[in-house]
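**Q** Going line by line, the protein sequences match chains P and G. Heads up, the first sequence is in numbering that gives the first Met the number 0, so the first residue is 0 and it goes up one at a time. Heads up, the second sequence is in numbering that gives the first Met the number 0, so the first residue is 0 and it goes up one at a time.
It should be emphasised that the hints constitute simulated quantities derived from the structure, not laboratory data. Keep in mind it's a predicted model, so treat the numbers as computed, not measured. Please note: incorrect hints may appear among the correct ones.
Identical chains blur together in the list; that is why a pair holds if it fits in one copy or across any two.
As the list claims (entries may be wrong) - EDC-like, lysine to aspartate or glutamate: derived pairs with alpha carbons at most 16 angstroms apart: (1) LYS324 / ASP57; (2) LYS218 / ASP400; (3) LYS416 / GLU442; (4) LYS219 / GLU101; (5) LYS358 / ASP57; (6) LYS20 / GLU75; (7) LYS218 / GLU403.
Residue-level listing of the chains:
2 protein chains.
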Amino acid sequence: MAKNITPREEDYSQWYLDVIKAAELADYAPVRGCMVIRPNGYSLWEMIQKHFDEAFKDTGHVNAYFPLLIPNSFLEKEADHVEGFAPECAVVTHAGGEELEEPLVVRPTSETVIGHMYSKWVQSWRDLPILINQWCNVMRWEKRSRLFLRTSEFLWQEGHTAHATKEEAMEETLKMLGVYRKIMEEVLALPVITGEKSEGERFPGADNTYTCEAMMTDKKALQAGTSHFLGQNFAKAFDITFQSKEGTLEYAWTTSWGVSTRLIGAIIMTHSDNDGLIVPPNVAPVKAVILPLGAEEAKVTELYEPKAQELAATLNDILGKRSVKVDTNYHMRPADRFFYHLQRGVPLRIELGEKEYSKESVRLVRRDTGERFDVSWDRAPEVVKETLEAIQANLYKRAKDFRESNTHFVESFDEFKKVLAEKGGFIKAYFAGSKEDERAIKEETMATVRCFPLDEEHARGKCFYTGKEGARLAIFAKAY
Amino acid sequence: MAKNITPREEDYSQWYLDVIKAAELADYAPVRGCMVIRPNGYSLWEMIQKHFDEAFKDTGHVNAYFPLLIPNSFLEKEADHVEGFAPECAVVTHAGGEELEEPLVVRPTSETVIGHMYSKWVQSWRDLPILINQWCNVMRWEKRSRLFLRTSEFLWQEGHTAHATKEEAMEETLKMLGVYRKIMEEVLALPVITGEKSEGERFPGADNTYTCEAMMTDKKALQAGTSHFLGQNFAKAFDITFQSKEGTLEYAWTTSWGVSTRLIGAIIMTHSDNDGLIVPPNVAPVKAVILPLGAEEAKVTELYEPKAQELAATLNDILGKRSVKVDTNYHMRPADRFFYHLQRGVPLRIELGEKEYSKESVRLVRRDTGERFDVSWDRAPEVVKETLEAIQANLYKRAKDFRESNTHFVESFDEFKKVLAEKGGFIKAYFAGSKEDERAIKEETMATVRCFPLDEEHARGKCFYTGKEGARLAIFAKAY
Ligand SMILES: [Zn+2]
Ligand SMILES: [Zn+2]
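Chain P on its own, in the form it takes in the complex:
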């Protein structure tokens, strides 16, 4: 067991930080609440970006860049929005050696400034839909921060679309939720429940918020991405109007949707173990590492290493440039070299020592199960590819089984409290309570409505809290 990592059974929060530190994913910055994303963490973010960005483009979206600084008055144009975000804003009051006439807010999200620009760009129905995404940094001041999960500055993407009709905007909102789910499940191996947020958990300014909720290995929920149907709220606040086909002047319908570097936190807390990080192969910057090993230095550098390089080149052709590395840290002990990659979550270790070399084989060691087996050089490319697929599938299945065995259905508030206290996890229950009921439940139990799952949106029953009939099915949990 890793000496530099606190066991998660002992202290989950400390385990989380230890895993990040051991894998060199991030570090605290000198400014309180801010983080530095180190190369190992950032390369993971680049892989996440690549997959989402490709999916956005495949669904007709284009990228753009809007300014970091937003006039304070813009925020105030949408009442719920300013109420939600103003307390978290960082404010620029001086620039170029002078005090500014109007304070500028460092964007906490960009609905307002993008709404302002859309009002200039949209004249006719022919200008719609606008399907724009932005990759950028945003800032929401945090008193208590936690790397990747809650930091004053974080990186994200924010999609902002404008449509001629309500139906189209709603379709977009749900389409992007589906895109999120697909990438989270197929690439990040994060099983998520997609659903509608309750009134109390909506984005400030949205008519409806949809979410992807994942369960971490401490059984708490993590909101992994959200998609908002903004109705005409921002169109009215920023005067995004267009001439319809019929010649009338109409307000546009808008949406917004985002995922952030928080997803790195989700990957850590879904897949990793007490030895450190585990990264699913489809999102791993380094999918496999080949280690020439042996006591005789000449053999290692003259025979094993060239063979390792050859195999790496073959694998990189199949798996993608730079996805397989050769470890030549011969000054380290073999066990330390193994541990180095183990703690960094590399899905597959490939050993090439004297025994393997003499048999024209390599030894594969899976990060997820520890399973090890030999394979001939001929078959190695094929088997490596299959093994990575097997690791990917196993990580997803393991996480999904964990979520399912930690989801419990309850029918009364007493049962709710008992299950939450004794078992934790996700609680499924019919719920028809108000925003005030939500608040009361949270105060008493710390659990919140995570969502009303879309997969079961037609299920109806008696509310566990109010006793009302015809209530929708909800998921409750303590959450990050």
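Position chain G with the ligands relative to chain P; hints supplied.
**A** For chain G with the ligands alone, coordinates are given in the frame of chain P:
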């Protein structure tokens, strides 16, 4: 000629802005001096990023992310640095509803905060070199802004490396200058002169600054990228020390290097004409557009369009996903459809009308020369590829010829002033003047030392200004 674009002979500045507007590359933001990079401009930036990022990774660099906000005290640790940047800083004084104890500066560049982190990460010579790059937004408050060239916020990459020896750091500085030059010339079709900056033009805090200087079509110079040898200045300011192989404690040697969205301005002002934008094929997000054309709607949609889609699919396989589009804007007149893509700088237009269809051919129209010719469907993929290569080569050659015919060698200050006034362009001259001489020349002529070219670094002669012998060869020009 385009009615929405001022001829560049008439008003170059207005022409530049008109080209940007017509191509929908960027727009002014509601905050003074800031810009919105619209999808057409941003996709160009994505192409630029892709090529540079790949080259950085091929030379062993990794990406990371450092915080946006920097404590004011950090800037003050390097005397030249704070003097250079403090007057341009935007400052956050309030956050989370409270006044901050220490004002935070929105990064104008990140040497200081990265230096702080490196001092924590570097202990031993084994931790060196650190080869990190960051893609991000930076802020330098501008009173007078110009889209892409000088805006208060812009996007860039900043490489920051730390090395054990002076030689390695100098090698890195020049290696990255070479990477810049290669991508600028081969991808952006920007001929550049690489050289050393004079003392008066150095980066604040650098021992030496190297630059890539390009000539715009108004004969002014544009600094397209810089690479700085920082010596031990930041290592000393931020205490980046390491234990050497020999066991002594040493300061590291650091470098930094950057290119920005300013490169989009360079592309515009190097290649475009009075009809609008011209984008070199290697950096063009859309390399060709296919237009089904004709009076008979049924034929257009049932015959020509499917053929166009088929050809586009073939070309996208060869040239890269989404690089060839089919224009189905049948509600627009053909001339307007041509003009639409012309103004957006698409390198190649491919027409497919009745005549072409009946001959199983398409008509190619080059954006750079206006040249048009027919090619059979069979040969189209090959010819399109070759034609794009020819356009790329022509744009580079045209720009290089222009620079060469507008570069003049002078031997006295009188000749200098005469040539600058009558011909403009780059002036080559031996120069051994001081920082004060540079200032005097600038005051009298508006021209500055652009660089001492590396290609001619051993040339020596008599200084045109001071008369000193053994002076180095310099390039002077008025500059952006
Ligand atoms: Zn149960
Ligand atoms: Zn001449």
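**Q** Next, verify each hint and record whether it holds.
**A** Hints and how they fare:
no., hint, verdict
1, LYS324 / ASP57, "between (30 angstroms within a copy, 14 angstroms between copies)"
2, LYS218 / ASP400, "within (12 angstroms within a copy, 67 angstroms between copies)"
3, LYS416 / GLU442, "within (12 angstroms within a copy, 79 angstroms between copies)"
4, LYS219 / GLU101, "neither (42 angstroms within a copy, 36 angstroms between copies)"
5, LYS358 / ASP57, "neither (46 angstroms within a copy, 34 angstroms between copies)"
6, LYS20 / GLU75, "neither (40 angstroms within a copy, 30 angstroms between copies)"
7, LYS218 / GLU403, "within (11 angstroms within a copy, 68 angstroms between copies)"
Hints 4, 5, 6, counting from the list given before, are not met by this structure.
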